[in-house]
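Colleague: Construct the entire structure; sequences and hints are all you get.
There are 4 protein chains.
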Amino acid sequence: MTQDPSNTSMPDMQSSADPREIAIDRVGVREVVYPIKLRTRAGGEQGSIANVGMYVALPHTQKGTHMSRFIEVLEAHACEPITPEQFPGIARAIRERLNAQKAHISASFVYFMKKKAPVTGIESLMDYKVTFACTANGTPENDDFVMTVAAPATSLCPCSKEISAYGAHNQRCEITASVRFTGEMWIEDLVEICEGASSLEVFALLKRPDEKYVTEHAYDNPKFVEDIVRDLAIALDADERVRWYAISSENFESIHSHNAYAELERKKV
Amino acid sequence: MTQDPSNTSMPDMQSSADPREIAIDRVGVREVVYPIKLRTRAGGEQGSIANVGMYVALPHTQKGTHMSRFIEVLEAHACEPITPEQFPGIARAIRERLNAQKAHISASFVYFMKKKAPVTGIESLMDYKVTFACTANGTPENDDFVMTVAAPATSLCPCSKEISAYGAHNQRCEITASVRFTGEMWIEDLVEICEGASSLEVFALLKRPDEKYVTEHAYDNPKFVEDIVRDLAIALDADERVRWYAISSENFESIHSHNAYAELERKKV
Amino acid sequence: MTQDPSNTSMPDMQSSADPREIAIDRVGVREVVYPIKLRTRAGGEQGSIANVGMYVALPHTQKGTHMSRFIEVLEAHACEPITPEQFPGIARAIRERLNAQKAHISASFVYFMKKKAPVTGIESLMDYKVTFACTANGTPENDDFVMTVAAPATSLCPCSKEISAYGAHNQRCEITASVRFTGEMWIEDLVEICEGASSLEVFALLKRPDEKYVTEHAYDNPKFVEDIVRDLAIALDADERVRWYAISSENFESIHSHNAYAELERKKV
Amino acid sequence: MTQDPSNTSMPDMQSSADPREIAIDRVGVREVVYPIKLRTRAGGEQGSIANVGMYVALPHTQKGTHMSRFIEVLEAHACEPITPEQFPGIARAIRERLNAQKAHISASFVYFMKKKAPVTGIESLMDYKVTFACTANGTPENDDFVMTVAAPATSLCPCSKEISAYGAHNQRCEITASVRFTGEMWIEDLVEICEGASSLEVFALLKRPDEKYVTEHAYDNPKFVEDIVRDLAIALDADERVRWYAISSENFESIHSHNAYAELERKKV
Numbered sequence: 001m002t003q004d005p006s007n008t009s010m011p012d013m014q015s016s017a018d019p020r021e022i023a024i025d026r027v028g029v030r031e032v033v034y035p036i037k038l039r040t041r042a043g044g045e046q047g048s049i050a051n052v053g054m055y056v057a058l059p060h061t062q063k064g065t066h067m068s069r070f071i072e073v074l075e076a077h078a079c080e081p082i083t084p085e086q087f088p089g090i091a092r093a094i095r096e097r098l099n100a101q102k103a104h105i106s107a108s109f110v111y112f113m114k115k116k117a118p119v120t121g122i123e124s125l126m127d128y129k130v131t132f133a134c135t136a137n138g139t140p141e142n143d144d145f146v147m148t149v150a151a152p153a154t155s156l157c158p159c160s161k162e163i164s165a166y167g168a169h170n171q172r173c174e175i176t177a178s179v180r181f182t183g184e185m186w187i188e189d190l191v192e193i194c195e196g197a198s199s200l201e202v203f204a205l206l207k208r209p210d211e212k213y214v215t216e217h218a219y220d221n222p223k224f225v226e227d228i229v230r231d232l233a234i235a236l237d238a239d240e241r242v243r244w245y246a247i248s249s250e251n252f253e254s255i256h257s258h259n260a261y262a263e264l265e266r267k268k269v
Numbered sequence: 001m002t003q004d005p006s007n008t009s010m011p012d013m014q015s016s017a018d019p020r021e022i023a024i025d026r027v028g029v030r031e032v033v034y035p036i037k038l039r040t041r042a043g044g045e046q047g048s049i050a051n052v053g054m055y056v057a058l059p060h061t062q063k064g065t066h067m068s069r070f071i072e073v074l075e076a077h078a079c080e081p082i083t084p085e086q087f088p089g090i091a092r093a094i095r096e097r098l099n100a101q102k103a104h105i106s107a108s109f110v111y112f113m114k115k116k117a118p119v120t121g122i123e124s125l126m127d128y129k130v131t132f133a134c135t136a137n138g139t140p141e142n143d144d145f146v147m148t149v150a151a152p153a154t155s156l157c158p159c160s161k162e163i164s165a166y167g168a169h170n171q172r173c174e175i176t177a178s179v180r181f182t183g184e185m186w187i188e189d190l191v192e193i194c195e196g197a198s199s200l201e202v203f204a205l206l207k208r209p210d211e212k213y214v215t216e217h218a219y220d221n222p223k224f225v226e227d228i229v230r231d232l233a234i235a236l237d238a239d240e241r242v243r244w245y246a247i248s249s250e251n252f253e254s255i256h257s258h259n260a261y262a263e264l265e266r267k268k269v
Numbered sequence: 001m002t003q004d005p006s007n008t009s010m011p012d013m014q015s016s017a018d019p020r021e022i023a024i025d026r027v028g029v030r031e032v033v034y035p036i037k038l039r040t041r042a043g044g045e046q047g048s049i050a051n052v053g054m055y056v057a058l059p060h061t062q063k064g065t066h067m068s069r070f071i072e073v074l075e076a077h078a079c080e081p082i083t084p085e086q087f088p089g090i091a092r093a094i095r096e097r098l099n100a101q102k103a104h105i106s107a108s109f110v111y112f113m114k115k116k117a118p119v120t121g122i123e124s125l126m127d128y129k130v131t132f133a134c135t136a137n138g139t140p141e142n143d144d145f146v147m148t149v150a151a152p153a154t155s156l157c158p159c160s161k162e163i164s165a166y167g168a169h170n171q172r173c174e175i176t177a178s179v180r181f182t183g184e185m186w187i188e189d190l191v192e193i194c195e196g197a198s199s200l201e202v203f204a205l206l207k208r209p210d211e212k213y214v215t216e217h218a219y220d221n222p223k224f225v226e227d228i229v230r231d232l233a234i235a236l237d238a239d240e241r242v243r244w245y246a247i248s249s250e251n252f253e254s255i256h257s258h259n260a261y262a263e264l265e266r267k268k269v
Numbered sequence: 001m002t003q004d005p006s007n008t009s010m011p012d013m014q015s016s017a018d019p020r021e022i023a024i025d026r027v028g029v030r031e032v033v034y035p036i037k038l039r040t041r042a043g044g045e046q047g048s049i050a051n052v053g054m055y056v057a058l059p060h061t062q063k064g065t066h067m068s069r070f071i072e073v074l075e076a077h078a079c080e081p082i083t084p085e086q087f088p089g090i091a092r093a094i095r096e097r098l099n100a101q102k103a104h105i106s107a108s109f110v111y112f113m114k115k116k117a118p119v120t121g122i123e124s125l126m127d128y129k130v131t132f133a134c135t136a137n138g139t140p141e142n143d144d145f146v147m148t149v150a151a152p153a154t155s156l157c158p159c160s161k162e163i164s165a166y167g168a169h170n171q172r173c174e175i176t177a178s179v180r181f182t183g184e185m186w187i188e189d190l191v192e193i194c195e196g197a198s199s200l201e202v203f204a205l206l207k208r209p210d211e212k213y214v215t216e217h218a219y220d221n222p223k224f225v226e227d228i229v230r231d232l233a234i235a236l237d238a239d240e241r242v243r244w245y246a247i248s249s250e251n252f253e254s255i256h257s258h259n260a261y262a263e264l265e266r267k268k269v
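Residue numbers (the numbering used here), protein chains in the order written: chain A, 1 to 269; chain B, 1 to 269; chain C, 1 to 269; chain D, 1 to 269.
Treat each hint with caution, since some may be false.
Intra- or inter-copy, both count: the list cannot distinguish identical chains.
To be verified - Quick list of in silico lysine-lysine cross-link-like pairs, DSSO-like style, CA-CA up to 30 Å:
(1) Lys37 x Lys161
(2) Lys63 x Lys267
(3) Lys63 x Lys268
(4) Lys268 x Lys116
(5) Lys102 x Lys63
(6) Lys268 x Lys114
(7) Lys267 x Lys129
(8) Lys63 x Lys116
(9) Lys161 x Lys63
FYI, nobody ran anything at the bench for these hints, they're computed from the structure.
Modeller: Given below as structure tokens:
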């Protein structure tokens, strides 16, 4: 383990031997709040604030890990704009700096996309919850990177529409997709795939002609929570980059105080 | 201050004098999770679990309060079934036990009401968030008791209905009412007043004939967030028990990822 | 599928065929808030309020599940006092009522244990977060029941103690254990095992002699987050009822605004 | 009210008259997530993401407000770097665009400050929760701006230290200060005042010599939750810019599962 010059005169308890013979799967820090930069699909940059967890596997022989080193690695990387391709590099840097067999990092942050209202074309920003997670075990070709996005959307109940003389209950839902993929996939790509599976995407800014459009369009496109995950599965099955996915939709039912939920996981061969 | 026999041999720092001459408005404990019992309007009892905060005013002369005594008072009262009338008694007990000028307690808990589905009459339980809060200052006739309930409900947008050829966006909303009142008022009374101001109340259990009913009924009864608080204000204005109210509605818009909100406070003369 | 008499005159869209050929792993309801009763180790009963999720596997041939039936099953079982042994019966009831291959239920609730302060013996209630989860697939001997408890505790840093002339930073931590087990295991058993792995358990009510005791006792018993999970692993390894465990500790560091964390999963052979 | 050209052909329900004669204190949007820029005390800029609420007072004569206009105002201002001096300008812009008597905006965001570890001087970023809130009523000299910061810190119990042979329980606390002030006050100024009232400030990155320092320094500087708010009050009393403050500290007790709390509000003459 690299000697840290600032610590030379003090005992390093963490590096001492541990007699219990119990390896620890993951030890580290979490709820670390840090600014990050992201490269956008359009070629620009976007700042965000991430909630970060960083962990290493601890061998059964060692008493503890060195928590401050996680923050040092983060500090060293936080200023570079990140893409899904570059993110695993931070996991590898943790692995090396902590002298570990395996390292894991996950960073959850808000990501904005500019959207045009469907009729007036007025632009506004929509916020999405995104998580980048990566495990590095020393063979970069085996780095396990998972990208997750959560997109709010509208769901309109097909049963309510079918059995009612008029109207149909609808509500906000949250559609989540985690993917493992090959090649290049942007946050924007995955958000659009998620939104495409809903009754209708949502917007931050709608004028009246837009509101008429979204109301009628959702009514024309009713979906159970089951339909949303199935249509999302079909879209991800058709996307050749995607090797694995875990998807869900949670519908905040307007007629109940509880939520409807469906989930599905699939590894392609 | 009453001598606590278990503590005789140790210095009581909290009781020592403080030279800074700064009185503290409220000092105490919060996030205390404790089981409570409530008397129901129908004459029964209902158990719940409260998140409790208990505080006293600390005079400028005293260094600290005795935190453990709050828990002792709670322990002594937690087994009695509580009604809005009896709750101020706990505030008075804190005031006395802590030897304070003023004491405050707030307890937030889930409360259940059995509801019948509107067509089939099938029964299920709906959960509501309730808070009892009371400040006692030594003159029981001035005890300041505030009851708050939060009821989920449906809101259906009048503008969306008006401008669209069919359909109307709707969503879950949360209607909140805090009241000061004279005489007897049950949680159930206030919940029903809140639900009455919405496009439609929500249920835990609806069969298909019920779902048809609630869909059509909400469509027949569109309300902006402004309409909900105004109709709720009218109902509370008409209730002679109510002396003061602060009300709000937050609508979890199905076409946006943000919420619509309105609030209103009124002291009757 | 059983015909529901209340629905006879209306189309049952959920039961119709689905052409997409995509089975859904889990579909159902969540954030259902419901009162439950629990049997205690001491032979009594305790009421609580559960946050419940209930799901079934949906075959690729069927369009949707019948959400209202989950609530009906819950309604039918909520009044019986539950133990870990009886909980899988609810999962089986969901499976049957929903006519599904596989059903899953999880219920998260607060559970209280009466504790005596270490010196004065004064009693108070401590609250713990508990989750019961069960998957039923039609062969009761394969019911997969997992019990999880989260216990707050104190952790005191060995490094801080070692390198400092006096004092040592300490903080509240949350120790979590999920277990699969054979035979009888009570919530109380698992809570005590978790608390035994910390620097010291915490209490709701401590008088000064107790506070002296816990301060000194924690200082005498320093533990890294790694030590907590290792000592917990040793205790669960030694417990012959336990067949599998996943454990963690999250320490809310008093010298940082982020947390230290360790986790470990083990299936015994 | 300004005619919006995109809406000409559709009825404007919100602008219609309301017969109920009930004015609404605040109506608008909340949980709007939007990127913002802040000017720093050091003369630079810092990006953040705000959770925004925007409201207007609605006269008793008008049926509803125009929710989309709030987002338009935000969109127009979000790109300019904000200081406490410039923030009221957004409240005024809402008031004008919505044609209202009174407008209110609050924006809550994370703000970072670079800190040096106390011994090694190693730098890292600390995150603070900040809220800017402003009400504008048409006379700019009466704009009511309130700045709030929440700073995590360490608190060490004086009683535990006094009565114990060694050690002292300590924990993370959160110190919050809301202020109204005259002249120029930076987020950094208020954070430093809050941290100065604790047993010790916290850091994201500490090496062993730093950990020794903070452990011993906190032990040398014990504070009850009462001491923290009193010392903070003294500091704000001495600051001539501050005209009003509301302050609190919540200590996440390491020996309990509940928190200790104190609060204090003062308007200077």
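Colleague: Check Lys37 against Lys161 for me: Cα-Cα at most 30 Å, and say if that holds within a copy, between copies, both or neither.
Modeller: Cα proximity of Lys37 and Lys161: none, with 44 Å in one copy and 38 Å across.
Colleague: Is it within a copy, between copies, both, or neither that the alpha carbon of Lys268 lies no farther than 30 Å from that of Lys116?
Modeller: Classified as neither: same-chain Cα gap 34 Å, cross-chain 47 Å, threshold 30 Å.
Colleague: Evaluate Lys267 and Lys129 at a C-alpha cut-off of 30 Å and name the case that applies: within, between, both or neither.
Modeller: within (23 Å within a copy, 34 Å between copies)
Colleague: Could you place Lys63 and Lys267 in one of the four classes (within, between, both, neither) given a Cα distance threshold of 30 Å?
Modeller: between (37 Å within a copy, 23 Å between copies)
Colleague: As a check of your reading, is Lys63 near Lys116 (CA-CA no more than 30 Å) within one copy, between copies, both or neither?
Modeller: between (55 Å within a copy, 28 Å between copies)
Colleague: At most 30 Å between CA atoms: does that hold for Lys102 and Lys63 within a copy, between copies, both, or neither?
Modeller: within (17 Å within a copy, 43 Å between copies)
Colleague: For the identical chains here, do Lys63 and Lys268 meet the 30 Å Cα criterion within one copy, between copies, both, or neither?
Modeller: Classified as between; 23 Å across copies, 40 Å inside a copy.
Colleague: Treating 30 Å as the Cα threshold, decide for Lys161 and Lys63: within, between, both or neither.
Modeller: between (62 Å within a copy, 16 Å between copies)
Colleague: Please sort Lys268 with Lys114 into within, between, both or neither, judging by C-alpha distance up to 30 Å.
Modeller: neither (32 Å within a copy, 46 Å between copies)
Comparing the model with each numbered hint stated earlier shows that hints 1, 4, 6 do not hold.
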